[in-house]
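2 protein chains.
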Amino acid sequence: MTAFSFEIVAEDAHSAARAGLLHTPHGDVPTPVFIPVGTQATVKTVSPDELRQAGATIVLANTYHLYLRPGPDVVAELGGLHRFMGWDGPILTDSGGFQVFSLAANRQVSEEGVTFRSHIDGSLHLFTPERVIEAQEKLGADIVMPLDECTPYPCSYEEAREAHRRTLRWAERSRKAHCRPDQALFGIVQGSVYPDLRRESAETLAGMDFPGYAIGGLSVGEPKEAMHAMLEVCVPLLPREKPRHLLGVGSPEDFFEGVARGMDMFDCVLATRIARHGALLVREGRLNIHNAAYARDPRPIEEGCACYTCRHFSRAYLRHLFQSQETLGLRLATLHNLHFLFHLLADIRRSILDGTFLTLKEEFLATFRPIPEEVRRNEAARRRLARSPS
Amino acid sequence: MTAFSFEIVAEDAHSAARAGLLHTPHGDVPTPVFIPVGTQATVKTVSPDELRQAGATIVLANTYHLYLRPGPDVVAELGGLHRFMGWDGPILTDSGGFQVFSLAANRQVSEEGVTFRSHIDGSLHLFTPERVIEAQEKLGADIVMPLDECTPYPCSYEEAREAHRRTLRWAERSRKAHCRPDQALFGIVQGSVYPDLRRESAETLAGMDFPGYAIGGLSVGEPKEAMHAMLEVCVPLLPREKPRHLLGVGSPEDFFEGVARGMDMFDCVLATRIARHGALLVREGRLNIHNAAYARDPRPIEEGCACYTCRHFSRAYLRHLFQSQETLGLRLATLHNLHFLFHLLADIRRSILDGTFLTLKEEFLATFRPIPEEVRRNEAARRRLARSPS
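Going line by line, the protein sequences match chains P and F.
Just so you know, numbering that gives the first Met the number 0 puts the end of the first sequence at 389, numbered straight through with nothing missing.
Just so you know, numbering that gives the first Met the number 0 puts the end of the second sequence at 389, numbered straight through with nothing missing.
There may be inaccurate statements among the hints.
Identical chains blur together in the list; that is why a pair holds if it fits in one copy or across any two.
[Stated by the list, open to error] Each computed SDA-like pair below joins lysine to any residue, with the alpha-carbon atoms no more than 25 angstroms apart: (1) LYS43 to GLN322; (2) LYS223 to PRO180; (3) LYS137 to HIS289; (4) LYS223 to LEU125; (5) LYS175 to GLU372; (6) LYS43 to PRO299; (7) LYS241 to GLY85; (8) LYS43 to GLY85; (9) LYS137 to ALA291; (10) LYS137 to LEU102; (11) LYS137 to PRO299; (12) LYS137 to GLN322; (13) LYS43 to ARG168; (14) LYS175 to ALA2; (15) LYS175 to ALA15.
These are computed hints drawn from the structure, not numbers from a lab.
If we strip away everything but chain P, and leave its shape as in the complex, we get (with noise of 0.2 angstroms):
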């Protein structure tokens, strides 16, 4: 495991906040972090080139998806993942836990792993922790995951405890399974809403000494409080010394959560998929790029943004994409976003280097109107099919 180490930086005296680098086989990661989601092998819309030029230093890959296709074999046979997409930079990718729990149909779950049908065919397939870890072997990224499984919420504590010490039984096969050097394999914990349980999950993967832990099964539905009472049960018993990634959160007005509560890496699609549907991160909240204010508005979407986007085109132009249905739209709404996300997490750690972390944070969230929930919408489509029987 010398191919990957984190280096804490910076630590802020008044809260939980750190800034660090992640040094892995292909680079290094400045934290906290902004992972970007290329769920199949390309963060939708945009080029590898891009995605660097608007600030991405780190990208993660769907191991459900690349699973069913391409299939791990190919890629693999095409020289793995970084080859295979075009990015030369870090890659994570997840465990496909979520995927099975939130994608795919008839799943069950056994203490050998989970059957699910593909959501592509209806093909079966049997995810174990052992075949999770091959799969990503041959991918290849640099920082991979155990097969978890990820409960819904709500979730009654017994099955939220079963769940999770499932998830810990699996964890350990997992790491007995996984052999590449270089290649960091992180924890996850699981627990649902519960202190207790996160605790002792908290407590057994960090007696496991992963090089990194992973925070899953929040940013479900469960109320904003909730998550921020998880992450504060759960960091102070990760080892300090190793990163800490919030998986599939969030927000801006999350990033500074988390990062307060000693989070370091974050991964969603709101920001990417959002930007789809038209709704473009400002300072203030977000901007509806389809309203009929904006059909000739010579403005950039925001003011002094330094993006490709905004240093190119008009709101008006963009909105006539979108109303001419244009996938360029669907592309420079993408870049935007990534661009306000990546440059929101670069101006969190310079505050951390300052001292001014809290200020910021107070500053930012003073006049940001989190994302409404039926923009989020889709998202919540997603986390319906969750709990829907199995």
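Position chain F relative to chain P; hints supplied.
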């Protein structure tokens, strides 16, 4: 019209081919040139920067589409088409004639103009020569076209004569209506496949002394021989020192045949449209990226191709993007096909300067398999539409 001029740089000794330079207010265009089609003020899937990098020197936009959405007033208010779409090079807008006769419903032609219903919302509109010029003056392209009546194929002699003579009267009205000194208004030769009508059209237009000439109504279903014959009739009647644009053409083989007969400019959606269906242009013809044979193919689309796609991605990855319905695939395919055509035209130009044009033509046509009709089927569908009763 001082802002616009055409300079002949070299003429082939063995054919009517010539190499030229089109001087426009937004820069020079080496000819022969392929002009990509940006129907709705965007060449589908690609950004202006990418267009430039792929080799574009001039872009075409459709008056019909932009008239309906967002409307010429909106574009004018936003500083004109160049600023609106972020392309600071030369732009050509077509007359809308072809689109009215192929896309719009309920069209009624009279001496005044043509009424039609929008393909977007069914609203009723009237295009007159004056109104089309007014719209194009607001859009602000460097080269503009007069409203013409585009006849389908086949078309009776009487119909063709009536339509082409009306087109001539409309050309005269357009010339009178056109005021902007920074725009070049071309004349459009019509006359279907009837040599005497084509002759009458070309001679009459030549007498009106336009700064450039377009030949319309070809490549609408007639045999290639008929198209070639019509070019051979028209070109000698058009002033040698003026540029000649073959509207809506075409395929790689068409460029050679057109250039050999004295044409300087070409535009067509074929290459970009088939790209979005996964048909990629290669030296031998085309490659269908959906083919399972490419699932594990590590090679670029074409060995030695310097396009962005070929420099970064394998056939296997491109196939994966198409199979997974990722829009990045559409863009990468489009960039390759555009690069292919721009560089083919650059090769043709170089061969004219070198005096080797006919050799290049012979070599190319000996091994290039023309795009089969089923691949062009979308184009064919549009043409069938053009035959439907109005």
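- prompt: Between copies, within a copy, both or neither: which fits LYS175 and ALA2 at Cα up to 25 angstroms?
  reply: within (19 angstroms within a copy, 74 angstroms between copies)
- prompt: 25 angstroms Cα cut-off: does LYS43 pair with GLN322 within a copy, between copies, both or neither?
  reply: Both. Shortest intra-copy (20 angstroms) and inter-copy (14 angstroms) distances satisfy the 25 angstroms Cα cut-off.
- request: Have a look at LYS43 and PRO299 and pick one of within, between, both or neither, based on CA distance no larger than 25 angstroms.
  value: Result: close both inside a copy and across copies, 22 angstroms intra and 21 angstroms inter.
- prompt: Using 25 angstroms as the alpha-carbon threshold, which applies to LYS137 and LEU102: within, between, both, or neither?
  reply: Within one copy only: 23 angstroms inside, 50 angstroms across.
25 angstroms Cα threshold - placement of GLN322 relative to LYS137: between (42 angstroms within a copy, 21 angstroms between copies)
message: One pair to classify: LYS175 and GLU372, alpha carbons no more than 25 angstroms apart. Within, between, both, or neither?
response: neither (41 angstroms within a copy, 57 angstroms between copies)
task: Please work out whether the CA atoms of LYS223 and PRO180 approach to 25 angstroms or closer within one copy, between two copies, in both situations, or in neither?
output: For LYS223 and PRO180, neither the intra-copy (37 angstroms) nor the inter-copy (62 angstroms) Cα distance is at most 25 angstroms.
- prompt: When no copy is named, should LYS137 and PRO299 be tagged within, between, both, or neither for a Cα gap of at most 25 angstroms?
  reply: Classified as between: cross-chain Cα gap 22 angstroms, same-chain 43 angstroms, threshold 25 angstroms.
- request: Up to 25 angstroms between alpha-carbons, please classify LYS241 paired with GLY85: within, between, both or neither.
  value: Classified as neither; 29 angstroms inside a copy, 46 angstroms across copies.
- prompt: Quick one: LYS43 to ARG168, C-alpha cut-off 25 angstroms, is that within a copy, between copies, both, or neither?
  reply: neither (34 angstroms within a copy, 50 angstroms between copies)
field: Alpha-carbon proximity context of LYS137 and HIS289, limit 25 angstroms
entry: between (42 angstroms within a copy, 24 angstroms between copies)
- request: Since the copies are identical, ignore which copy is meant and state whether LYS137 and ALA291 lie within 25 angstroms (CA to CA) inside a copy, between copies, both or neither.
  value: For LYS137 and ALA291, only the inter-copy Cα distance (21 angstroms) is at most 25 angstroms; the intra-copy one is 49 angstroms.
Hints 2, 4, 5, 7, 13, 15 from the earlier list are contradicted by this structure; the remaining hints agree with it.
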